[in-house]
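Based on the hints, put chain Z in the right spot on chain F.
Take a look at the letters that make up each chain.
Number of protein chains: 2
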Amino acid sequence: MEEMLIFGHKSPDTDTICSSIVMSDFQKKLGKKVKPVRLGEINKETKFALNYFGFDAPELINSVSEGQEVILVDHNEFSQSVDGIENAKIRMVVDHHRVCDFNTAEPLYYRAEPVGCTNTILLKMYKENGFEIDKKLAGLMLSAIISDTLLLKSPTKTDEDEKAVKELAKIADVDYMSYGLEMLKAGTDLSDYTAEELIALDCKKCELKDKKAKVAQVNTADIPEMMKRKAEFEKAIKKDIEDNDLDLFVFAITDIINSNSQAIVLGKETQIFEKGFNKTLEDNTAFLPGVVSRKKQILPVLQENA
Amino acid sequence: MEEMLIFGHKSPDTDTICSSIVMSDFQKKLGKKVKPVRLGEINKETKFALNYFGFDAPELINSVSEGQEVILVDHNEFSQSVDGIENAKIRMVVDHHRVCDFNTAEPLYYRAEPVGCTNTILLKMYKENGFEIDKKLAGLMLSAIISDTLLLKSPTKTDEDEKAVKELAKIADVDYMSYGLEMLKAGTDLSDYTAEELIALDCKKCELKDKKAKVAQVNTADIPEMMKRKAEFEKAIKKDIEDNDLDLFVFAITDIINSNSQAIVLGKETQIFEKGFNKTLEDNTAFLPGVVSRKKQILPVLQENA
Numbered sequence: 006m007e008e009m010l011i012f013g014h015k016s017p018d019t020d021t022i023c024s025s026i027v028m029s030d031f032q033k034k035l036g037k038k039v040k041p042v043r044l045g046e047i048n049k050e051t052k053f054a055l056n057y058f059g060f061d062a063p064e065l066i067n068s069v070s071e072g073q074e075v076i077l078v079d080h081n082e083f084s085q086s087v088d089g090i091e092n093a094k095i096r097m098v099v100d101h102h103r104v105c106d107f108n109t110a111e112p113l114y115y116r117a118e119p120v121g122c123t124n125t126i127l128l129k130m131y132k133e134n135g136f137e138i139d140k141k142l143a144g145l146m147l148s149a150i151i152s153d154t155l156l157l158k159s160p161t162k163t164d165e166d167e168k169a170v171k172e173l174a175k176i177a178d179v180d181y182m183s184y185g186l187e188m189l190k191a192g193t194d195l196s197d198y199t200a201e202e203l204i205a206l207d208c209k210k211c212e213l214k215d216k217k218a219k220v221a222q223v224n225t226a227d228i229p230e231m232m233k234r235k236a237e238f239e240k241a242i243k244k245d246i247e248d249n250d251l252d253l254f255v256f257a258i259t260d261i262i263n264s265n266s267q268a269i270v271l272g273k274e275t276q277i278f279e280k281g282f283n284k285t286l287e288d289n290t291a292f293l294p295g296v297v298s299r300k301k302q303i304l305p306v307l308q309e310n311a
Numbered sequence: 006m007e008e009m010l011i012f013g014h015k016s017p018d019t020d021t022i023c024s025s026i027v028m029s030d031f032q033k034k035l036g037k038k039v040k041p042v043r044l045g046e047i048n049k050e051t052k053f054a055l056n057y058f059g060f061d062a063p064e065l066i067n068s069v070s071e072g073q074e075v076i077l078v079d080h081n082e083f084s085q086s087v088d089g090i091e092n093a094k095i096r097m098v099v100d101h102h103r104v105c106d107f108n109t110a111e112p113l114y115y116r117a118e119p120v121g122c123t124n125t126i127l128l129k130m131y132k133e134n135g136f137e138i139d140k141k142l143a144g145l146m147l148s149a150i151i152s153d154t155l156l157l158k159s160p161t162k163t164d165e166d167e168k169a170v171k172e173l174a175k176i177a178d179v180d181y182m183s184y185g186l187e188m189l190k191a192g193t194d195l196s197d198y199t200a201e202e203l204i205a206l207d208c209k210k211c212e213l214k215d216k217k218a219k220v221a222q223v224n225t226a227d228i229p230e231m232m233k234r235k236a237e238f239e240k241a242i243k244k245d246i247e248d249n250d251l252d253l254f255v256f257a258i259t260d261i262i263n264s265n266s267q268a269i270v271l272g273k274e275t276q277i278f279e280k281g282f283n284k285t286l287e288d289n290t291a292f293l294p295g296v297v298s299r300k301k302q303i304l305p306v307l308q309e310n311a
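If you read the protein sequences in the order shown, they are chains F and Z. So the first sequence is numbered by this note's numbering: it starts at 6 and just counts up by one. So the second sequence is numbered by this note's numbering: it starts at 6 and just counts up by one.
So here's chain F without its partners, still in its complex pose (with noise of 0.2 Å):
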């Protein structure tokens, strides 16, 4: 039996490395010879759920060859998966992104639901199946809700993402609210991460109708503090939109105390921007009150304006 890999998608969060930590475990169980795997840098905020349960970072792959038996989670769109995905033999996908710019020739297993983290739905599953969760992997399963979330704070929280938090921090035994803030403030910790590597950290590439655009977003606890780099970031997201041809770049700063953001914005499609949130970028930057979702305050308004 050949190994499947698992794995999420690029610009990998807590989510989508613990995801296939956990998935991993799950097919053990069922039997399965796999091995989760990661397609990029490991962030601070990962690197503190794992040093803190005591599991290992994936070994880092940037491509399958054809034929590659693989399960997908925490995304379903081929432009955020690995190199080769057209490829490779998709036996099952868990999600909870919209479905997009994904297709099997084969059917597969596929299991999205519209909650806040992947791992909502992998806690689902393990109940289904009668499957005991250890104490380590309900720390992973904890650690990615509270950081989708952004400690329950976030508009793709839903009821079941909550319920899910208690019940894994008790399996886990710690207080969700206080390892939380302390996983959430490691990963904010950006002050020896380039320009070019904190636009990278956690960008998604999207298409907008025709339209070629990114939407990257970084966490912090300050945003005058990042935002004394904007020279250097504006710099960054030219050299990337000049690299990669894209029409639009949208790079968020995320205040995850007062659940705000900051944007820098450049291309030239920028009135896709201006239009959906009603702001005339000032020096290319506008501020969002509110809004600290990519996937329900960010992504919809420019898909729909584009």
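Watch out, some of these pointers could steer you wrong.
The list cannot tell twin chains apart, which means a pair is met if one copy fits it or any two copies do.
No more than 27 Å apart at the CA atoms, straight line, and that leaves these computed lysine-lysine pairs for BS3-like [as the list claims (entries may be wrong)]: (1) Lys37 to Lys141; (2) Lys38 to Lys168; (3) Lys171 to Lys233; (4) Lys38 to Lys129.
It should be emphasised that the hints constitute simulated quantities derived from the structure, not laboratory data.
Positioned in the frame of chain F, the structure of chain Z alone reads:
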């Protein structure tokens, strides 16, 4: 709360019709306001099942308006779905086919499994939610699985389908072998259909690379009897090819007793079929021993050789 519409694919078969009724019952148990509908005429096999277990056929619709909330069962490809699907709000999909030509603007529930029938998945969902299945509904679900797996003889059948059939037969209190044969035979009474109706009865559009194709299928207990109408079928197929600008039309006449098919193949791309099955068409036809499943034994062959 607006009413959500639930429907399967065009050219509805027994699984598509039963899935829409069963999913409607499931959603009502969840407290949702829903209505099962259908996208085409009910075939005789389905009519037999509906009559046997005392259900009315869902209402016929031809299109949905913009923003209409919908649930898709037994299909996902937009080309097989209702007119206007691109602008509907797809809230859920339950299916057992590959994912293709499908996308949404928002996250949704998507549940697909590589089993022989949608109702095998629906049975699982009832159990996961602790919902009871009444006698009549069990009969409907049983009928769908018998239909899609040709009474468990199709290569698309999985162990889960077989278990589901046995479980549902118990609840429905029927002998599934004798009921199943009777139901399948009811579907093979094709004498009062015109050739045009027969090639449209269970017909799937598909894209083969940049080529447009249709693969239609009818079940029979007597291939030679059906082939007496070959000239009629060819005329109807040629008209469909012309009207819809098709590159290929495959009409499979499937002997459900002996598990073989006779294919009538027309269009300017018949070499895709000939290459795929390693057959030279004689007088537009070829005999395909052991071939009964469009999904597993015909479509993949055409897709790989386009």
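Verification of the hints:
no. : hint             : verdict
1   : Lys37 to Lys141  : within (21 Å within a copy, 38 Å between copies)
2   : Lys38 to Lys168  : between (31 Å within a copy, 26 Å between copies)
3   : Lys171 to Lys233 : neither (38 Å within a copy, 68 Å between copies)
4   : Lys38 to Lys129  : both (22 Å within a copy, 25 Å between copies)
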